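Given next are the chains, with one letter for each unit.
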Amino acid sequence: MLLADELFLIAHDDTTGRPRLHLRAAELGLAGALLGELLLYGRIAVHGGRLTVVDRRPPDDALAHTVLDQVIAEPQYRAVRIWLAFLAGQAVDAVGQRLERAGRVTRTQRRWGRVVRYVPVDMSTAAWPGHRLRLFLTRGEPMTVTDTLLAGLVSATGLTSQVLWDAPASSHEYLASLIAALPPPLRELVAHLQAAVGDAVLSHRT
Amino acid sequence: MLSTTRVSNVSLTLSRSRLGVPAVVFFVMSAAAPLTVIAGAVTTAYAVTGITAIPIAFLAVAAVLGLFSVGYVAMARHITNAGAFYTYVAHGLGKPAGVAASLVAVLAYNALQVALYGGLGVAAAGLAGGPWWAWALGAWAFVALLGVLRVDLNGRVLAVLLVAEIVVVLVYDAAALAHPAGGRISLATLSPAGLAQPGIGAALVLAITGFIGFEAAAVFSEETRNPRRTVPVATYLAVALIAVLYAGSSWALSVATGADRVVEVARRDGTETIFNLAAAHLGPTVVHVGHVLFLTSLLAALLSFHNAVARYLFALGREQVLPAALGRTGRRTGAPTVASLAQSALALAVIAAYAAGGLDPLVQLFFWVGMTGGFGALALITVTSVAVVGFFARRRHRRETAWHTVVAPGLAAGLLAVILALAVANFATLLGVPPDDPLRWMLPAAYLVAAAAGVAWALVLRVRRPDIYRAIGLGANAVVGRVEPAELHP
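Chains as they are written, first to last, in this note's numbering: chain H, 157 to 362; chain W, 2 to 491.
Hints in this document: simulated from the structure, not taken from any laboratory.
These figures come from a predicted structure and were not determined experimentally.
In this text, a Cβ means the ideal position worked out from N, Cα and C, and glycines have one as well.
Where hints are given, some of them may not hold.
What the hints assert, rightly or not - Not the full set, but computed from the structure, chain H residues with beta-carbon under 8 Å of chain W:
hint, residue
1, Leu177
2, His178
3, Gln226
4, Glu230
5, Ala235
6, Arg237
7, Ala241
8, Ser311
9, Gly314
10, His328
11, Glu329
12, Ala347
13, Leu358
14, His360
Can you build the whole structure from these sequences, using the hints too?
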């Protein structure tokens, strides 16, 4: 499964598809995951808060392809934060629909009301990304760069308590040390996501 | 699927949800809570301080804050986390001063919030009976719950309540002016000569307190359609609207009672003053509506200041200047949960202490603590004005004129310093205590203690945690370092 798919599954209940994360953080987090996929595909680079396209060849995945096309089409915008804010607007539905095409979720819509849910087809598949992170983090085992980035996105959006609900403090420390050791562009993406989520809290109108 | 088109999708999408001037002004004004200030603070101020120059004090303070806002909104364009005064101080006067300002702000905004529980308790008990603290605790539970759950009070509901409050105030004012004491409308309390009255510092602190919240427009710098225009216009408009409303209403009150009797009437009737005056001419329905709106106004103000404190604590938690736990949010709610709970815990302790100690909730909680909060905000605004000058002195900005960067903020700083000095000199008058009462020094000195602790803590951080020290004043962006506002919105 791709990065954003796994973050989506962690951010939603494995049986009902109900959100486990407040909407703005989920939107920004999935936007970050889509940029993370382009980083992992080697299509973009991130440095000093700005992203650059380093390889214009379309990635295999259709959604990643579309996101890359958009980044290429608007060279006047290079700030990571602007792309997070922009992609946030559609990320939840875009990733939910990708999961649906892969047959991992079914889209449901109540007859009254506009609430759309992406209900996992198989509970254990849906629960696997979260379980996997939890296993690695509690055992202190080495993790792949992709999994570490996923854990970083989980942490930046505030989902850590979902994954490590009763884990000992040592696994939180291990998570922090893994994020700190990420390759700089990925670490920067995680940091910008965390800042964007924090800013959303501060400018929330109450 | 995402789509690509010729037009810039990015700027189109990001400008769609942006706020215009009315939305920002409404937000700012609902924090200002007109009836809370007029029915609660103004009448209590007449009673406690014995000063009649309150209307002219509102106008004088509005002029100074208007001048202050010139530099404030100019600097907001160049920094992130622009809604918090300590951010300005950290950028303009250095990080130790910034941490000092942040602790002063936490203290002042907490004082402003907690004080309102006294006002609400007294107002509700006066209408429905029972002990004041029971009502205060009810309101506390409501605010604490909404703070953690972040159940948004619908913006439209708040807007309707605000408009209703303003209408009621205007109707009361009209009735007061239609029935002046002695049959003659006197401009005595609007006379600039009143500013030379002994103890005027007390009236000026009250006036500043009424305006607190005007600074909040800058919180939305990154969400407005055109930050260069929306935030300044909303800020000036809010200051002007508040000035006209508060100066006009406190003047109308003095017209209805007679300038020479306003203190006496306010001492006798307390927070019922404007309602009793209205009852004489308008009949019971309008008074009932006013009473209900007074309570909703107090609740809205309580919630607004609660959220302001939570925002401050959250930002400081994200910077790790205060414990990082304060930067945590509720997973499902997105509320700054720990910061919100911390504020609620403090408020509960204060309510409990006042109830257990049998202290006066109106004078000793609502007025003393509230005015002490207003005094702290005055000190913050003064230092912020100096910080604006300092900030622009160190960075050249072709797009900002000398009027924005030096002249207006410099003048404002000078005038605010005079007000601050008057406030310290007249603190006994403000509290209504004898000049030798130790409280008149203890309450303002609390801010010196907070500021000193802030400077000391900043110096400790500089040595022990230089990574944290570097990010002081950046709020949620502390994790990435300084970000130009242009990097956050197209």
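Hints, one by one, checked against the model:
1. Leu177: Cβ of H/Leu177 sits 6 Å from chain W, so the hint holds.
2. His178: holds (3 Å)
3. Gln226: Nearest chain W Cβ about 5 Å off; hint holds.
4. Glu230: This hint holds: H/Glu230 lies near chain W, its Cβ roughly 5 Å from the closest one there, short of 8 Å.
5. Ala235: holds (4 Å)
6. Arg237: Given a least distance of 5 Å, the restraint on H/Arg237 holds.
7. Ala241: Holds, because the Cβ-Cβ distance from H/Ala241 to chain W comes to roughly 6 Å (cut-off 8 Å).
8. Ser311: Violated, because the Cβ-Cβ distance from H/Ser311 to chain W comes to roughly 11 Å (cut-off 8 Å).
9. Gly314: holds (5 Å)
10. His328: violated (11 Å)
11. Glu329: violated (13 Å)
12. Ala347: OK, holds: H/Ala347 within 8 Å of chain W, min 5 Å.
13. Leu358: holds (6 Å)
14. His360: Holds - the Cβ of H/His360 comes within 8 Å of chain W, reaching about 7 Å at its closest.
When held up to the earlier numbered hints, the structure conflicts with 8, 10 and 11 and fits the remainder.
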